[in-house]
Amino acid sequence: DAKTTQPNSMESNEEEPVHLPCNHSTISGTDYIHWYRQLPSQGPEYVIHGLTSNVNNRMASLAIAEDRKSSTLILHRATLRDAAVYYCILRSQNSGGYQKVTFGIGTKLQVIP
Amino acid sequence: DTAVSQTPKYLVTQMGNDKSIKCEQNLGHDTMYWYKQDSKKFLKIMFSYNNKELIINETVPNRFSPKSPDKAHLNLHINSLELGDSAVYFCASSIGLATDTQYFGPGTRLTVL
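For the protein sequence lines, the chains are Z and D, in the order given. The opening residue of the first sequence carries number 1 in our numbering; numbering runs sequentially from there. The opening residue of the second sequence carries number 1 in our numbering; numbering runs sequentially from there.
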């Protein structure tokens, strides 16, 4: 199974951009790259996902390397509410409907006021 | 309205007991999941169900058994509880495809004494 690696922790100043990296060097062609985050004492929540092209939504941007072996989640202006553990996840599905889900260890983001 | 709900929120029990955790989703999704988050915060998928059929069965002990009475429910039964089963268990659901967002429940904190 393809694995992901992330830094254990990162810090950011409030209102500054944050770049959260994820390495997935053994990614397969059918793997989608998903990012979730988990606030303290809550369940994970979806942030963004992509396959090959960079993606933007109201929460964040996802930059995917051309070879797809790494990706970066970009929070454009970090707020205190963005302090959470961010998980980089690979999800794939074959023609039979089988879903494969692989989690990284997550990056704990600390936002400094 | 709560999209994915779990009961109970907390569960404290003795070793050797059998317990169940219930999960319900009102999103009309076809796929539901169970995840285990241990004390180190590592999030690992245990099972998923699609249209009442088991899709993923990760290497979890057979003391754990998912049961889905209908598409909106996926309950987790645990037999002969052990100390190592203490963790937070999250239920999630998605439409079904690898591109789909997963919606997580609030979690059930299980403590085995």
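Think of the hints as simulated: they come from the structure by calculation, not from any bench. Note that the structure is a prediction, hence the values are computed from the model and not measured. Just so you know, not all the hints are guaranteed correct.
Derived pair list, reagent style DSS-like, types lysine-lysine, alpha-carbon separation capped at 27 angstroms [as the list claims (entries may be wrong)]:
#, chain 1, residue 1, chain 2, residue 2
1, D, Lys9, Z, Lys108
2, Z, Lys108, D, Lys19
3, Z, Lys108, D, Lys36
Hint-by-hint comparison with the structure:
{"no.": "1", "hint": "D:Lys9 to Z:Lys108", "in the structure": "holds, 24 angstroms"}
{"no.": "2", "hint": "Z:Lys108 to D:Lys19", "in the structure": "violated, 32 angstroms"}
{"no.": "3", "hint": "Z:Lys108 to D:Lys36", "in the structure": "holds, 18 angstroms"}
Hint compliance for this structure: hint 2 is the single one not met.
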